[in-house]
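Participant: These protein sequences, in sequence, are chains B and E. Quick note on numbering: the first sequence equals residues 1 to 404 in the working numbering. Quick note on numbering: the second sequence equals residues 1 to 514 in the working numbering.
Among these hints, one or two may not hold up.
To be verified - Taking lysine-lysine pairs in the DSS-like style, the calculated list, with each CA pair at most 27 Å apart, reads:
#1 B/Lys324 <-> E/Lys456
#2 E/Lys456 <-> B/Lys182
#3 B/Lys198 <-> B/Lys182
#4 B/Lys223 <-> B/Lys198
#5 E/Lys379 <-> B/Lys182
#6 E/Lys121 <-> B/Lys324
#7 E/Lys379 <-> B/Lys191
Said to hold, decoys possible - Rough simulated footprint, nothing fancy, chain B against chain E, three-plus residues with beta-carbon under 8 Å:
#8 102 to 111
#9 423 to 433
#10 497 to 505
Hints listed in this document are in silico derivations from the structure and should not be mistaken for laboratory results. Where is the CB? At the ideal position from N, CA and C, for every residue including glycine.
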Amino acid sequence: MIDRRTLLKTAAIAAPLVLAGRAFAAPQAGGARMLVVFLRGAYDAANIIAPTGSDFYATARPTLALKKPDPANPDAALPLDADWSLHPALKDSILPLWQKKQIAFVPFAGTDDMSRSHFETQDTIELGQPISGTRNYQSGFMARLAGAIGTDKPIAFTDQMPLIFRGGSRAIPNVALNGIGKPAIDQRQAKLIEAMYKGQHLGASDLGGSVAQGFSVRDTVYKSISEEMMAANRGAVSPKGFELSARRIGRLMRDQFNLAFVDVGGWDTHVNQGGAQGYLAGRIGELGRGLAGFADEIGPDAWASTVVLVVSEFGRTFRENGDKGTDHGHGSVYWVMGGGVAGGRIVGPQVKIAAETLNQNRDLPVLTDYRALTGGLLARHYGLEARRLQMVFPGTAPVDLKLV
Amino acid sequence: MLMPLLPLALFPSPLRLGALASLALLAGAAAPPGGDGRDMAIVDRVTWGTTPSSAAALTGHKAADLIDAQLRMPADASLPAAAQAQIDAMEIARTPMAALVVTVDAENRAANALTDPDAKKAARDAYNKHIGALSTEAATRSILRDLYSPAQLREQMTWFWFNQFNVQAAKRDIRAMVGDYEDQAIRPHALGRYRDLLEATLRHPAMLRYLDNDQNAAGHINENYAREIMELHSMGVGSGYTQKDVQELARILTGVGVDLKPDAPKLKPALQPLLVRAGLFEFNPARHDFGDKVFLGHRIKGSGFDEVEQALDLIAASPATAHHVSERLATYFTGDAPPAALVSDMAATFQRSHGDIAAVLRTLFKSRAFDASLGTAFKDPIHYAVSAVRMAYDGRVIVNAGPILNWLNRMGEGLYAHETPDGYPLTSAAWTGPGQLGVRFEIARQIGSSSAGLFKPPVPGATDQPAFPQLQNALYFNSLQHRLSAPTHTALDQAVSPQDWNALFLSSPEFMRR
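Work out the full structure: start from the sequences and follow the hints.
Facilitator: Spelled out as structure tokens, the structure:
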């Protein structure tokens, strides 16, 4: 019986793609892939996967609420079930995935972090450590996941090394898809630099290996991506350019990487966020086109064994504020997509949304902890047993929502 | 020949004559500059990077003298005229921070009050441009000091403490405050007393905004700042304080905030004497929780801002603070995982000297662990960029820091850009990843190939002043080349042009270390 790592090595020998002097194995055709998409800024989930079945929803959001489903009204929300509807900006991108049962939504999802601080709660999610303990900022949950599943193809599509991939037994590359030009260091110089670093170590890190990997990842990404690049937007890939970059990520994950992270900023909508049209509608449309484009580019074979998890640090206030926006809240809606996802469902515990069920009379409660949700998803997706799962999310009992 | 006068100020005045004499010798190439390898390595560690002239100035002196001089160097050490002139022309240098903040706040309000969408957008753009320029000025000033200040150790410590007491400029109106925060809250105390530094950061509006204490009021407790003071700024995570201590400190800090209004808040007569205002800082007793508190095992009677003073005394005197701060300093100056014995010696000095930072550093610099670490610590991005520009142009003052600020952003260590209060990581693992190294080599090539925009004045229509990086310099031939490994020599020998050689040299493993 040949195990997966051996298979990868064998594949590398059989069909090496040599870049910068290093053999690069393509991920296994049917191998499990995962992309985590972080919507930084706390997206207003209640206007994207909207509880239009709740009368309180329309009351609480007199100017923002999406209209109840109505085939005659292009601005009305699109029905998912009796309680929930989809934002109309997702009609051509995400609704078809829903109809193919390749996307599930988990409402009332989030963390036990009640700080309502963006960075605090983003850290909580990326670190994936119990909130009661002390934080180790050098140990992100996807780095631990890479260790637990033994993947050798993780990558962050970000300009800085995100917390989520920090730590781990080996260095994980990060590449900003919004700042890549033709590499200034040519192949001759790269070879000379690699030669200088061969065998160089710094404590436990293998600098020589890191340098060689850096050149090969750079070349891989540059080869896959053409010159037309989106403009930078404060580190996170801007929603405007997300469709473009998501397609590129799809190609890169089809051919080169199997565990990836990307973040998308611009979701902190305190003022004039809009309803069926407007600022937030523009962002969500771009996100939907990006995710559908990702599924398209990665291709049917890889898509069948790929999971995309879309998260955000917290939900927003359920009532609209005095500026036709929403403020920091709590419970959100997480998305789980993939060719093998048991989708077309609203998943997880729910509660009737009304003034009396709001958390602190302000926002939606969290009924599904994201660690439990993600742990349960990972257990099924990667066949991770309890011991390995504890490496990823220590102290958390996974909840099996049978998403894959 | 460009006289590199600046590095002479690295030494106290009695030594300068000797240094001048040795410079004369250097000009005649009669003797190799610099002390022994250890002394040179100390210069590289205690400054933002060795330069030919700083190495030359070392001749005949011991690095111990340099360390002493650096530990005593005042915050107002003078910069070269060409650098000082750039700073003097800045709005942040000409206008007090409080006035700047009030001005941009008025611009922001006026923009928001407009109803015409086009006019509103134009006004908002103008506001963003203005407040952004203030932050860029601050970053430029910071880089000029790192490159050229004779008080090199103080500037390093200013970076270190800013990072320890991190704020992110992008939040709210901190862009208009961040220069003053660095210049007035951090720099004067960078080699002084930790207790003073702690209070200076607490009294600065940038910190109070960043960690939301301006919203912390009796009955509306916000624990954000209280937690970070103990977890990040002082005692360290897991050092024994409890969640209850966090809550009590948050109560003590109620009413500590920021006020842009010219007039004092209206208060009941009994509260009037308890009001504290200084610039934008305000302790508003009407927002304070006057109940008694128990903090770190001590009863603190509800009394107003004096509670904060008592709490800071307790925090600064805590053995956990001595240990945590010493460990961070040791990591910064010796590299990953400093020996426990070193940290405990430093912590003992910290406690004995009541938090005298210079004394703690003296213990560090005298240690065997410090000697053993010389030349092995991996440069973080700012050390990398600044040391490369110092080496390439020595004392010649750049006229545009923009390229350096851009490189720092690309390498993931932008000035005032770290979003979370923990600051940038001090350990090398954060900077040695494949992506990071790849970017660093690209930047090495930019610095090595041309002036890279460093000598192009940041005004429309300006043209580059002639400049070319000089990396194969006296320092290289006399000293550095003897310390390169055989593979590095082999690679450099294959350079096809001076630019190529520069790029390879700045990419070498030896140049990544200090």
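Participant: It remains to establish, for every hint, whether it holds in the given structure.
Facilitator: Cross-check of the supplied hints:
no., hint, in the structure
1, B/Lys324 <-> E/Lys456, "violated (46 Å)"
2, E/Lys456 <-> B/Lys182, "holds (24 Å)"
3, B/Lys198 <-> B/Lys182, "holds (25 Å)"
4, B/Lys223 <-> B/Lys198, "holds (25 Å)"
5, E/Lys379 <-> B/Lys182, "holds (26 Å)"
6, E/Lys121 <-> B/Lys324, "holds (18 Å)"
7, E/Lys379 <-> B/Lys191, "holds (22 Å)"
8, 102 to 111, "violated (count 0)"
9, 423 to 433, "holds (count 7)"
10, 497 to 505, "holds (count 3)"
Checked against the numbered hints given earlier, this structure breaks hints 1 and 8; the rest are met.
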